[in-house]
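Q: With the hints as a guide, dock the two chains, each given alone in a separate frame, to form the complex.
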Amino acid sequence: MSNFITEITPNRPVYTDNDPQGDLTTLNLGPTHPATHGVFQNVLQMDGERIVSGVSTIGYIHRAFEKIAEHRPFYQITPLTDRLNYCSSPINNMGWHMTVEKLLGIETPKRVDYLRVIVMELSRITDHLICNGILGVDTGAFSGFLYLMEEREHVYEIFEEICGARLTTNIGRIGGFERDFNDIAFAKINKFLEKFPPILKEFEKLFNRNRIFIERTSGVGAVDPETALSYSWSGPILRATGVDYDVRVNEPYASYQDFDFEIPVGTTGDVYDRFILRNEEMWQSLRIIEQAMEKLKKEPKGVFHADVPEFYLPPKEQVYNNMEALIYHFKIVMGEVDTPKTEVYHAVEGGNGELGFYLINDGGRTPYRLHFRRPSFINYQMYASMSRGMLLSDAIINMSSLNIIAGELDA
Amino acid sequence: MAKISNEQVIAQLNAKFGDQITTPTAPFGLLSFEVAVDHITEVLTYLKSDETLNFNFLTDITAVHYPEQEKRELAVVYHLHSLTNNVRVRIKVFIPVDNPKIPSATPLWNGANWMERETFDFFGIQFTGHPDLRRILNVDDMTVFPMRKEYALEDPNRVDKKDFFFGR
Numbered sequence: 038m039s040n041f042i043t044e045i046t047p048n049r050p051v052y053t054d055n056d057p058q059g060d061l062t063t064l065n066l067g068p069t070h071p072a073t074h075g076v077f078q079n080v081l082q083m084d085g086e087r088i089v090s091g092v093s094t095i096g097y098i099h100r101a102f103e104k105i106a107e108h109r110p111f112y113q114i115t116p117l118t119d120r121l122n123y124c125s126s127p128i129n130n131m132g133w134h135m136t137v138e139k140l141l142g143i144e145t146p147k148r149v150d151y152l153r154v155i156v157m158e159l160s161r162i163t164d165h166l167i168c169n170g171i172l173g174v175d176t177g178a179f180s181g182f183l184y185l186m187e188e189r190e191h192v193y194e195i196f197e198e199i200c201g202a203r204l205t206t207n208i209g210r211i212g213g214f215e216r217d218f219n220d221i222a223f224a225k226i227n228k229f230l231e232k233f234p235p236i237l238k239e240f241e242k243l244f245n246r247n248r249i250f251i252e253r254t255s256g257v258g259a260v261d262p263e264t265a266l267s268y269s270w271s272g273p274i275l276r277a278t279g280v281d282y283d284v285r286v287n288e289p290y291a292s293y294q295d296f297d298f299e300i301p302v303g304t305t306g307d308v309y310d311r312f313i314l315r316n317e318e319m320w321q322s323l324r325i326i327e328q329a330m331e332k333l334k335k336e337p338k339g340v341f342h343a344d345v346p347e348f349y350l351p352p353k354e355q356v357y358n359n360m361e362a363l364i365y366h367f368k369i370v371m372g373e374v375d376t377p378k379t380e381v382y383h384a385v386e387g388g389n390g391e392l393g394f395y396l397i398n399d400g401g402r403t404p405y406r407l408h409f410r411r412p413s414f415i416n417y418q419m420y421a422s423m424s425r426g427m428l429l430s431d432a433i434i435n436m437s438s439l440n441i442i443a444g445e446l447d448a
Numbered sequence: 302m303a304k305i306s307n308e309q310v311i312a313q314l315n316a317k318f319g320d321q322i323t324t325p326t327a328p329f330g331l332l333s334f335e336v337a338v339d340h341i342t343e344v345l346t347y348l349k350s351d352e353t354l355n356f357n358f359l360t361d362i363t364a365v366h367y368p369e370q371e372k373r374e375l376a377v378v379y380h381l382h383s384l385t386n387n388v389r390v391r392i393k394v395f396i397p398v399d400n401p402k403i404p405s406a407t408p409l410w411n412g413a414n415w416m417e418r419e420t421f422d423f424f425g426i427q428f429t430g431h432p433d434l435r436r437i438l439n440v441d442d443m444t445v446f447p448m449r450k451e452y453a454l455e456d457p458n459r460v461d462k463k464d465f466f467f468g469r
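Chains as they are written, first to last, in this note's numbering: chain P, 38 to 448; chain F, 302 to 469.
Only chain F is shown next, with the shape it has when bound in the complex (with noise of 0.2 Å):
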C-alpha cells in the first residue's frame, strides 16, 4: 500500500540531518526513531514540508514516563502520517524529568494545540512556544502531573495484585 518505503523516509532524513537521527527501529513495520530534543524542530518541519515525504498529518503527541532512565525519563512521541503516501512515522523525543522543556509543534499544525495540552496536563512537558498550555482534562487546581509512574492508581498498602506474587 506504502508507496514509499521506510528505508527510503530514514535515508533521506539521515542526508538531511546526519547522525541526529538514532536508533531507527520498525516494530510492526511503523518506523520509529529518536531525535535530540534540539532538533526535533527542524525534523518536523522537513517532514511535514519535504515534497515527497509530505507527512503532512500529526496524528497524535503523547507520552511516556521511564523513571529508571537517568536523564531520559520522559519521552515525548509523535506519530505523523504522510496521507499522499501512505506512511506512518514514529518519531520519539526524550527528555529530563527535572527539565521537561520542548519546543511546540502548534507553528506547524494547528492540531497540536490540545494533544500538547493533554501532554501537559498528564506528564508536566513544558512545550515552549505553546500559545495556552494550561490544564485540559484535569482539574485546573491539580498539583501534580498523574500519568507519571511515581503516582500509584490504588491504595499503596494493597500487595495482592505485587508482581513478584506472580513470579516476575
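Just chain P, with the same shape it has in the complex (with noise of 0.2 Å):
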C-alpha cells in the first residue's frame, strides 16, 4: 500500500509521483491550516522545502449564492454580498446596490455618494491592514498586525455607529442608506483621520526598510504583466506589476471623478512591491475620505437616500402608522415592485479586483440569474503554478499577499 493518494473517482487529479526512488513528498497543505489564514488545500509535490508541483482543491466553504440569489428579491441578496469578501463587505453591499440603481435607472445625489465613497474607502483600509498585517506576521513580524489591528477595530466602531454592524455589515438601501450618519459617526470618522496616519506611518517604518522583510518578499511571487492580464488578474496584484487598471478611474462610479487621488503602481509584481502598494493605497484612500469630508460640508444636511419611494424602504415609524409606506415596504419586501427586464453588468473596485455582478432581470420577484465576477476566485488559479520551483515558506506569504478572502473565492 502505498503512502500516496491514489485515484478515488474519475474526476479527482491523482496525487501518485512517477518517483519510483521517493525522493519527492506529497504535503497536503490544508484545508485547515494555520498559516493559510482561510480554507484552502493545495496538494503539493515536494523536493525537500521546494515546490516541484501543486493543485488547488477550491469550494470547501461553497454556499451556492448564485442559486439562492436567483430566490430572493433584491433586498435580500445584500446579506449575501456581505459574505463574498467579508474583510471589504460594505464595498459589496455598495456594490450591488449601485447594480440595482443602474437597473432600475436611479439617480443618487452628491451626499449618498459621498457617504458611500467614505464607508467604501474605509472599508478598503479595512481590507488592506487585514493583508498587510498578516503578511508582516507570516514574514515572522507580530507587532504590526497587533498595531494594525487596533486600528481595524476604530473602523469597524465607525460602521457600528453606521449601521449597527461591525464585519457583515449589510449596509445602506437601494438609492442610499437606512439613515443618516450621525454626529458620533462623524467624530469618529474624523478621529480615525487624525490618529491613523501617524500608525500607518509606524507600519511602515517597521517594514518598508526592513532588511529581514525584504529580504523574505523581494522577488518572491514575481509577474509579468502580460501573464497577470493573461490571468484576468485585478487589483493591487494587478497594478504592482505595473499595469494601472483601477474600476475606480476606469467607469467612475459613486462620483469617484470628483475626487483627486492616484493610483500607485509597482514594477515587478513580486510579494513586496504588492505590500507597498497596498500600504500606498491606504494613504490614498485616506486622502479620498478627507475630501469626502470636505465635501460633505458643502452639501444639504438630512440628504442620505435617493427621493425612490417604491424602492427605498420606507422608516419604521411610517411603516406602522401610514399607509402609503406600509404598502410600499409590504410590496419592496416581498420584491413587487416592477423592474425592467434587461440586464445590467456593473463593476465597483473592491479590495482585491474588480468585483463585478451580473445581473439579468425578467421582471420577476427576483433575479433571472445573478453572477458575481468575484476577484478572489479569479486571481488565485495562477496559485499553484506559480508555486512551482518556490520554497514552502514563500508559498506561504504568496498567498498572504495575494489576499485570497475564501468567502469570496467559493462564493
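I should point out that these hints are in silico values taken from the structure, not numbers from a laboratory. We treat Cβ as the ideally placed atom computed from N, Cα and C, and that holds for glycine. Just so you know, not all the hints are guaranteed correct.
[Claimed, not checked] Simulated restraints, written as ranges between beta carbons of each label pair:
{"#": "1", "chain 1": "P", "residue 1": "Thr264", "chain 2": "F", "residue 2": "Asp461", "range": "25 to 31 Å"}
{"#": "2", "chain 1": "F", "residue 1": "Pro325", "chain 2": "P", "residue 2": "Leu204", "range": "41 to 47 Å"}
{"#": "3", "chain 1": "F", "residue 1": "Ala453", "chain 2": "P", "residue 2": "Gln294", "range": "41 to 47 Å"}
{"#": "4", "chain 1": "P", "residue 1": "Thr63", "chain 2": "F", "residue 2": "Asn355", "range": "40 to 46 Å"}
{"#": "5", "chain 1": "F", "residue 1": "Thr385", "chain 2": "P", "residue 2": "Thr379", "range": "27 to 33 Å"}
{"#": "6", "chain 1": "F", "residue 1": "Ala316", "chain 2": "P", "residue 2": "Thr379", "range": "25 to 31 Å"}
{"#": "7", "chain 1": "F", "residue 1": "Asp442", "chain 2": "P", "residue 2": "Asn219", "range": "50 to 56 Å"}
[Said to hold, decoys possible] Straight-line distance between alpha carbons at most 20 Å, and here's what the computed SDA-like set of lysine to any residue pairs gives:
{"#": "8", "chain 1": "P", "residue 1": "Lys139", "chain 2": "P", "residue 2": "Glu347"}
{"#": "9", "chain 1": "P", "residue 1": "Lys139", "chain 2": "F", "residue 2": "Leu331"}
{"#": "10", "chain 1": "P", "residue 1": "Lys378", "chain 2": "P", "residue 2": "Arg109"}
{"#": "11", "chain 1": "P", "residue 1": "Lys104", "chain 2": "F", "residue 2": "Tyr452"}
{"#": "12", "chain 1": "P", "residue 1": "Lys378", "chain 2": "F", "residue 2": "Thr324"}
[Stated by the list, open to error] Listing some non-contacts, in silico: residues in chain F with all C-beta distances to chain P over 10 Å:
{"#": "13", "residue": "Phe318"}
{"#": "14", "residue": "Asp399"}
{"#": "15", "residue": "Asn414"}
A: So this is what it looks like as C-alpha cells:
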C-alpha cells in the first residue's frame, strides 16, 4: 500500500508521483492550516523544501449564493454579498446596490455618493490592513499586526455607528442609506483620520526598509504584466505588476470622478511590491476620505437617500402609522416592484480587484440570474503554477499577499 | 471615457464577420451581441488580437439557462474588456442543452481555465479543448448541474412563495 493518495474517482486528480526512488513527498497543505488564513487546500509535491508541483482544491465553503440569489428579492441579496469578501463587506453591499440602481435608473444625490465613498474607502483600508498585517505575521513580525488591528477596530466602530453591524454589515439601501450618519459617526471618522496616519507611518517604518522583510519578500512571486493580464488578474496584485487598471478611474461610480487621488503602480509584481502598493493605497484612501468630508460640508444636510419611494424602504415609524408607507414596505420586501426586463453588468473596485455583478432581470420578484465576478476566485487560479519552484515558506507569504478571501473564492 | 465607441466596434466586427454577429444591443451602454458557436473562437481571437480593438482582458465567463428556448437553452456569456480603449463588450453564444459543446477560450487566456470549470460545474457546458475540465466548487461525485433551472432551491412542495399568489 502506497503512502500517496491514489485515484478515488475519475474526476479527482491523481496524486501518485512518478518517482520510484521516493525523493518527492506529497504534502497536503490545508484545508485547515494555521498558515493559510482560510479554507484552502493545496496538494503539493515537495522536493525537500521546494515545491515541484501543486494542485489547488477549492469549494470547501461553497454556499451556492448564485442559486440562492435567484430565489431572493433584491433586498435579501445584500446579506449574501456581505459574505463574499467579508474583510470589506461594505464595498460588496454598495456594489450590489449600485447594480440595482443602474438597473432601475436611480440617480443618487451627491451627498449619498460621498457618504458611500467614505464607507467604501474605510473598508478598503480594513481590507488592506488585514492583508499587510498578516503578511507581517507570516514573515515573523507580529507587532505590526497588533498595531493595525487596533485601527481596524476603530473602523469597525465607525461601521457600528452607521449601520449597527461590524463585519457582515448589510449597510445601505437601494438608493442610499437606511439612516443618516449621526454626529458620533462623523466624530469617529474625524478621529480616525487624525489617529490613523501616525500608526500607518509607524507600520511602514517597521517594514519598508526592514532588511529581514525585504529579503523575505523581494523577488518572491514576481509576475510580469502579460501573464497577470492573461490570468485576468485585477486589483492591487495587477497594479503591482505595473498595469494601471482601477475601476474607480476607468469607470467611475459613486462620483469617484470628483476626487483627486492617485493609482499607485508597482514594477516587479512581487510580494514586496504588493505590500508597498497596498500601503500606498491606504494613504490614497485617506486622501479620498478627507476630500469627501470636505465636500460633505457643502452638501445639504439630512439627504441620505434618493427620492424613490417605490424602491427605498420607508422608515419604520411611517410603516406603522401610514398606509402608503406600509404598502411600499410590503411590496419592496416581497419583491413586488416593477423592474425593467434587461441585463446589467456593474463593476466596483473591491479590496482584491474588480468585483462585478452580472444581473439578468426578467421583471419577476427575483433576479433571473445573478453572477458575481469574484476577484479572489480569478486571482487564485495562478497560485498553483506560481508556486512551482518556490520554497514552501515563500509560497505561504505569496498566498498571504494575494489576499485570497475564502468566502469570495468559493461564493 | 471610452476611446472608441460601440458603433465603431460593431462596425469593425460586421466588416470582418458579416452577418455572423447578430442582435447587437447596448443595455446601459455595454455592447452585447450574439455569435454562433462555430465562430466564437474566431471572434474572440479577432477581438483580442486586433490592434485597434485590443480586447486583451477577459473579465468573466458564465452561463445562463433558458429552459423554454428550444435548441437555444444554454447561453454562454463572455465579458471582454479593452483596457487600452476602456470599452467592454458582452458576447453570447446560445447552444442546445442536449449537446452543450463550445470551444474553450483557454488557448487565448489562461484565466479562462477556472471560469470555464465553474461554468461546467454549474451548467454542464462542455468546453472542448479545455486542459482540465472537472468540477471546481461542487463535490466531485455530484451528478447534476445545479444552476440549471430544473433544480429548485427549496422544497418543491412549498407553494407560499409562488409567483401566482402575487398576480404574476
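Q: Hint by hint, note whether the structure agrees.
A: Each hint tested on the structure:
no. : hint                            : result
1   : Thr264/P x Asp461/F: 25 to 31 Å : 52 Å, violated
2   : Pro325/F x Leu204/P: 41 to 47 Å : 43 Å, holds
3   : Ala453/F x Gln294/P: 41 to 47 Å : 44 Å, holds
4   : Thr63/P x Asn355/F: 40 to 46 Å  : 43 Å, holds
5   : Thr385/F x Thr379/P: 27 to 33 Å : 28 Å, holds
6   : Ala316/F x Thr379/P: 25 to 31 Å : 28 Å, holds
7   : Asp442/F x Asn219/P: 50 to 56 Å : 52 Å, holds
8   : Lys139/P x Glu347/P             : 15 Å, holds
9   : Lys139/P x Leu331/F             : 12 Å, holds
10  : Lys378/P x Arg109/P             : 17 Å, holds
11  : Lys104/P x Tyr452/F             : 10 Å, holds
12  : Lys378/P x Thr324/F             : 16 Å, holds
13  : Phe318                          : 23 Å, holds
14  : Asp399                          : 21 Å, holds
15  : Asn414                          : 6 Å, violated
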